[in-house]
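Heads up: the protein sequence lines correspond to chains A and B, in order.
Residue numbering for the first sequence follows our numbering, starting at 1474 and increasing by one per position.
Residue numbering for the second sequence follows our numbering, starting at 2 and increasing by one per position.
Calculated directly from the structure, the hints in this document are not laboratory data.
No residue lacks a Cβ here, since even glycine has one placed at the ideal position from N, Cα and C.
Here are a few chain B residues that face chain A, going by a calculated C-beta distance under 8 Å:
1) Q42
2) A120
3) S122
4) A124
5) E129
6) R142
7) F146
8) T150
9) M151
10) F154
11) L157
12) F203
13) N256
14) H259
15) F310
16) R311
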Amino acid sequence: MNLSSKKWLAALPLIVAVIGAVYLYRQADTQASFLGLPTVPCLDSTKPILQNYTLTVSISVEGRPYPLSPAIGHDPGNCLRAIHTEDGSGRIYVETNDTNRYTLGNFFQTWRTTFNQNQIAGYAVTAGHTLQVTVDGDPVPTYASTPLTPSSTIDVIYR
Amino acid sequence: MMLLAPIRRKLARFGVFLLAVLSFVPGLASAHEAYVLTAQQFAAGLATTTPDPFAPLVDPSHLPIFLVTAGCVLVSYILVFLWSATKPAGILDRLVRKAKIFGPLIIRLAISSSFIYAAMSNAILGPELSLQALALGGVVRFLLFLCGTMILFGVLTEVAALIALALFIYSSFTFGVYMFTYANYFGEIIVLLLFGSRHYSFDRLFFGTKLWFNKLRRVDWLEIPIVRILYGVALIYAGYTIKFAHQILTIEVYNEYHLVDFFHASAAYIAAGAGVAEMLIGLFIILGFNMRWTVIISLIFITMSILYFRELLWPHLMLYGISLSLLINSGDRWTLDARIVPWLRKVMKRKPLAA
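Starting from the given sequences, assemble the full structure and let the hints guide the process.
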């Protein structure tokens, strides 16, 4: 094989690398896990608790309940996040050292699970599927921006 | 007993494959201490300058713990230096150096997997550097994936390094001097740009050992010093920034993770002490001073942090890659070790080590 043929063949792994990059780029948009920095701090025992309330979140996927992890926000190293669960009942505890407004998106990021208007966990909104969020029974268009409010019930419905 | 050459080659190929796979094992999760804060906490912490961060170091009440810690470190360095002048140390050194061609390969695998994981996390180099802060963040994300895959398989490595260099410079317009924290990436990008990657790569298959800038062959010994010095710079900058200039970041981690139960000392003192340690490690790595022992200490710190906080592993892949490479390629001629160890052998009236 002469040198010029070798150099043309060098384009092949480059093409494969470009295809691989495109594939990874598309996968990154629909991955089920949230891989970024935490968006909710750990409770700091040296500071006073300024917000303390609970609410309920339920998730259903194609008519079946999607279980919530009982240890959401219980991170390693003695870190209890400001948004956490204590069991799988759907009751969410919000205890914070600040007065910031937290959202449904913060809850899912604490759970390390993707949630936006097009996806929940590994379920994407494709043809024939919808994703809806209701607060106390009323549909809302805010999805991840839906604020967490005391004693409210948030339903996330994928069908 | 020496292994037969064919078996050694097979083991080496398997080792390379294993390293590549381990770079992508899902679910391996861990964190650097500041990476467990939220982006808002990080930004607020960087905007807050600590007025007198060195005060805890000169507080007389901390003198006993300082003396014990400094004493242990000093004794360990002396003992390791004395050991390094012995015959068994020389034999171990020659054995480890047999793997020296894998040093650059390890760093190449580390940087490629770091790029890919960063892009998956919608960040560049570190999780606190969100691509959402960059204009054309989507384009940067794709280019990170492209650089990662090209460098991973050694395909037109110099071109990938040039793209990565452009991304690094572009990011510095947004993130400013904070990019010094990632000077280790800059060092490896420069090395890949100048010297490419001609071991276990497609570039080797198509271009042989010929470099794109072939005259640089005579200075390819600069590969390790460039990576080493810029890694040290990154450590010093990160140590000073996170643990002195903006000490509130480390103090917040200390309080939120209840580290007082472990250290039984004030947050400010532990932050300052950790800062001194990190900066000294960086300085010793730049100078090449008892480098293997210094790298082992840094690996212990990194691993303890990872095991305790257990968040994201990918920001630390480069640290592990560079550390492993420096363990293998320690004592190049531009290090203090290259002068101290032979001098010690002479003082201890030992024969010079074989080259």
